[in-house]
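Chemist: So you can see what is in the structure, the chains are spelled out below.
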Amino acid sequence: MTELSREDSASLADALRKALQDRYAFATGRKQDMAAGPERLPAVWQLLCGLGLNGLMVPEAHGGFGGGVSDLQRVQRELGRALVVAPWFDSMLSAQAVLRAGTPEQQQTLLPALVSGKLSMALAEDEALGLAASRQATNASPEGAGWRVDGAKASVFHVGAVDRLLVSATVAGGETAWFVVPSKQAGVRQRSCRLVDGSWTADLVLDGARGELLGPPDAAQQSAALRSVRLLAVAGRCAEALGAAEAALEMTVQHLRTRKQFGQPLGDYQALRHRVAEMYIALEQARSAAELAVEAVEAIDPAEAVCRSAQAQLVAAEAVTWVLQQAIQLHGGMGMTEELAVGHYYRRMLVLNALTGGAPVALAQLVQAKA
Amino acid sequence: MKTESEALQALRAEIRAFLGSELDRGLRARLRRGEFPKPEDLVSWQRKLWQRGWGAPNWPREFGGTGWSDIEQLVFLEECSAAPAPAPHVFNITMLGPVLIRFGSPAQCDAWLPKLLSAEVLFCQGFSEPGSGSDLASLRTAAVREGDEYVVNGQKIWTTSAHYADWIFCLVRTDPAARKQQGISFLLIDMKSPGLTVRPIISIDGRHSLNEVFFDSVRVPASNLVGEENRGWDYARFLLGNERASIAGVARTRERLAYARELAARPTRNGRPLSQDAEHRVRVMRLEAELEALDRTQYRLLGDASSPAERVAGASVLKVKGTELYQRVMELLVEVAGPVGLRLPGADGFGEDPREPLGVAHLYSRAASIYGGANEVQKNILAKHVFDTTP
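Chains as they are written, first to last, in this note's numbering: chain A, 1 to 371; chain B, 1001 to 1391.
Some clues are possibly wrong.
Beyond 12 angstroms from chain A on every Cβ pair, some chain B residues (computed) [to be verified]: (1) F1018; (2) P1037; (3) S1118; (4) A1258; (5) L1287; (6) S1307.
DSSO-like mimics (lysine-lysine), calculated; alpha carbons at most 30 angstroms apart, straight line [claimed, not checked]: (7) B:K1379 - A:K260; (8) A:K260 - B:K1321; (9) A:K118 - A:K18; (10) B:K1384 - A:K260; (11) B:K1048 - B:K1180.
A few chain B residues that face chain A, going by a derived Cβ cut-off under 10 angstroms, partial list only [said to hold, decoys possible]: (12) V1151; (13) N1153; (14) E1331; (15) A1337; (16) V1360; (17) R1366.
Honestly, the hints are just simulated from the structure, not real lab data. Just so you know, even glycine gets a beta-carbon here, dropped at the ideal spot from N, CA and C.
In isolation and in its complexed conformation, chain B is listed as follows:
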């Protein structure tokens, strides 16, 4: 049974009070409508979190983090999602920081961690390639050592925010002869490097958040290698495993469902609010029940009682079920909004009607079952786990 300790309740209250006083109202309204945060929103919010001491909920204290447990981190993310507020910067804080702390040199930690915390630099993630999606380890972007530099040639794709990021952490192939997982290294590359170009990808929602990144003989100081050469695959797996606390997105989906409920209380084309429609109510109740169950699944799998293998499998459970529920709620929102919710933004953005961005947000939500390991791949992982562990 899920009970929250007094300490956790106190933390939750403290976080909620902070969000209440510090979160910019305009930003909150835009996120509630379903818009993306702007780059400057992410920077200023990360700074506020950092100044409060909460810049890195998932880092140990000695590196400037909060030292919170998985459950405390989850409480923090729940409150951010419910507000809704942006999470701490995903590439700087959730992904790169822990890799540097665990595998980076002391000099790299000293140089980078403060800048990641304060959002002085923004990183993006260079993993996927045109030929390497689900089969990430087949990646081909090559880094060849020349003296104290690597020369990088190749291409990354689906790179979120590459068009404004300052740096990119990349998986590159440093040993073409090795077995595919074993010749990969983890490299930090300055986006301003000569030979590096970024091309936008307009996604299905008509917006620009994704990019292709091309490397044409980009020279990277060898000191930007994280950890050991040819061990990058291990670091990448470690990084992806760290997304556990946010992967189910229960709080985000709850917030979207609450918003759907708010919109459904308004009158529709036949004059009666959708919230009075029996079929609509049944759907909302079903979603609420499934979300409550997923919430308990998440707490159980993140708790101390589960084994390491259960935790790995659990991440796949949370990813699949979490994205399915999220997409169902985003579908409900688009239905509640009607044609007004299917507008594209004009030259000066969306109009006044808060329902307008819901369609593009819904379209973008279709990516949730594709990115971060497609749900089909998650099911392969799960099937293996079930067969391996069932007596």
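Chain A with its partners taken away, still in its complex shape:
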């Protein structure tokens, strides 16, 4: 995997931070964006497109920057810090899936559109779980010149706003393959809900949805692509969590410096100073977790990749969740208000944990891998 030069990557992150500070401030730009319904791409999507970020990890041959996982993490850290809610990460992962599993024709049609931002995509991976019902599989079968996809997917992000979905489904023979499914068609039904981090998700019902098989029907290539996209997803989410924790620690320190009780700033109390020190230690662990996630992406041995990725997820989830809980605690009642950003970092982290399965799923993966 290629990556940007250190200078290019840093200046991209700087430009992104500045643009988000100017146009996506928590109390103004972001707040306006949050008022939009589930059918529209948020305004911040245009801002990210304008910076060319959709092409971050797409090779130059397809119009992208040719960046690597470290570049992805720099961007994700900024998006985490600014609490960005947009289908950017999903679209980026979809582009990687197309790059790794798509046919040359699919790459030529989909990638430039994804890079320019004309096309937005969401990943529909998890199977829907009706309450008490057993798992509902999603199946695909050839129909006419294409495929039909039937089943259900739970909590797919940004479905209402994006153009296409990348749906994983089981084909004859029991293998899993990806299908590019237009999101607006009679065969795709959805009910949108807002999650605590402000993002829109929907439970999807796929009922004879028309789709196109991604790539040639090559099971080995498909599953390798699926694995590497999952590793990238963990690396990106670790970095997003890290960005959130860094910002929350800064806010907490500023609060402790200015808030006075019993005649002195809270920051003078040793108990609270020690807590801040522990938060800083946890943050260093989260930074290292993000590094582990990069090692996972770059690992040659698949078993090592799975192990490093799960270690990264475990450490990042536990460290950042704890840091964000403490950030609220040290803000006192103010930390409990919707008006302050500090609680929103925690809200986002709950969603990230739910998406990845957080520490418990990472532990289960490690137990399985080392068994």
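With chain A's structure known, arrange chain B on it following the hints.
Modeler: Only chain B this time, still in chain A's reference frame:
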């Protein structure tokens, strides 16, 4: 060792039977899902308790209470939490009633206690201020005596249910010159008074239960002063000390853990119930063990064998450990629920899936270690106790 007398067992059975027949099923279901009770739920439930003679478990009989001991009150709260049912109205019954009984005039008791019991009026609590959280005694809302009235100016914050309460009991500063604990008075104020405004605070869970209350030259009859002028701090400490029986919330946490167990028995994303996952089971068992221990701590500290100083320190032990366990269980619930449990309510509330409100309930649970004396403050109290009493 914890053994329950036959009389206590009989009381427990009687309470359980009452809850079984009287608690509205819809309300029970909503509380089980993790939703807040509605104002009308609180009123109708308080009335049912009152009609049964259980409107005030913590008041003496002669004032319309049950006359129950601390342990009997605890049994009652345990059964309410397990149902789950709302507790008796916290501001009317747990907080204000005992203050009026102990420090109020006979006329105030006659006027207020029946209305508190029957929920004819609902009170809210005006203690915290923007500059006075943990350092409550630094509060600045001022009440100046003019003839037979007080004129109140200032602001309260984090006022739960102020948006529908009829009255507010407030700590106000009546002597700005005195040492900070000594110039505070306890005043009852009509929420409909001219000059009083309420502004909502939307909390981290996206819901509205908290408020700011502003007082702009609000005129309050001097007869609404409780007890003596400038003794309000003593009354407030008495009030907060009365929360002992409910402070650990063991039964509430147990009920949440039971619910987590119920949800974990359902299949997850890999098709296997979480309840079969070894790591999950270990966590549940650990929580169960710690809750059992906290339950015994609570009975020991509320029992007759403990000294007054041990009881004060005990309240801090119960608060810290109780809220830590509660938050851990609420964390477990959100994990069990997955993304479905992180939904915000739509215009017409939550959807059908019972897991939906668990995320917002979890978010709100982060307040448990902040309100009612932040856990950091409780640890200061405890540290002092340990150093003062250790030979």
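Chemist: If a hint holds in the structure, say so; if it doesn't, say that too.
Modeler: Against the structure, the hints come out as follows:
1. No Cβ of chain A comes within 12 angstroms of the Cβ of B:F1018; the nearest lies about 31 angstroms off, and the non-interface call holds.
2. With a closest Cβ-Cβ approach of about 19 angstroms to chain A, B:P1037 is found to remain outside the 12 angstroms limit, as its non-interface label requires.
3. Here B:S1118 stays apart from chain A, with its beta-carbon at least about 32 angstroms from theirs, past the 12 angstroms limit.
4. Here B:A1258 stays apart from chain A, with its beta-carbon at least about 17 angstroms from theirs, past the 12 angstroms limit.
5. Consistency note on B:L1287: stated as away from chain A, and its beta-carbon is indeed over 12 angstroms from all of that chain's, at 14 angstroms minimum.
6. With a minimum CB-CB distance of about 27 angstroms to chain A, B:S1307 clears the 12 angstroms threshold, and the non-interface call stands.
7. Only pairs whose Cα atoms come within 30 angstroms are accepted, and B:K1379 paired with A:K260 is accepted, the gap being roughly 19 angstroms.
8. Of the supplied pair hints, the one linking A:K260 and B:K1321 holds, its CA atoms being roughly 27 angstroms apart against a limit of 30 angstroms.
9. Annotation: proposed proximity of A:K118 to A:K18 holds, straight-line Cα distance about 24 angstroms (limit 30 angstroms).
10. This hinted pair checks out: B:K1384 and A:K260 have alpha carbons roughly 22 angstroms apart, not beyond 30 angstroms.
11. Our distance criterion of 30 angstroms between C-alpha atoms is broken by B:K1048 and B:K1180, whose separation comes to about 42 angstroms.
12. The criterion of a C-beta within 10 angstroms of any C-beta in chain A is not met by B:V1151, whose closest approach is roughly 27 angstroms, and the hint is violated.
13. Hint status for B:N1153: violated, given a least beta-carbon distance of 22 angstroms to chain A, over 10 angstroms.
14. With a least beta-carbon distance of about 8 angstroms to chain A, the hint placing B:E1331 at the interface is held under the 10 angstroms criterion.
15. Given the 10 angstroms rule on beta carbons, the hint for B:A1337 holds: about 8 angstroms separates it from the nearest Cβ of chain A.
16. Satisfaction of the interface hint for B:V1360 is found here, the shortest Cβ-Cβ separation to chain A being roughly 7 angstroms, below the 10 angstroms cut-off.
17. Hint status for B:R1366 relative to chain A: holds, with the closest Cβ pair at about 5 angstroms, below 10 angstroms.
Against the hints set out earlier in the document, violations occur for numbers 11, 12 and 13.
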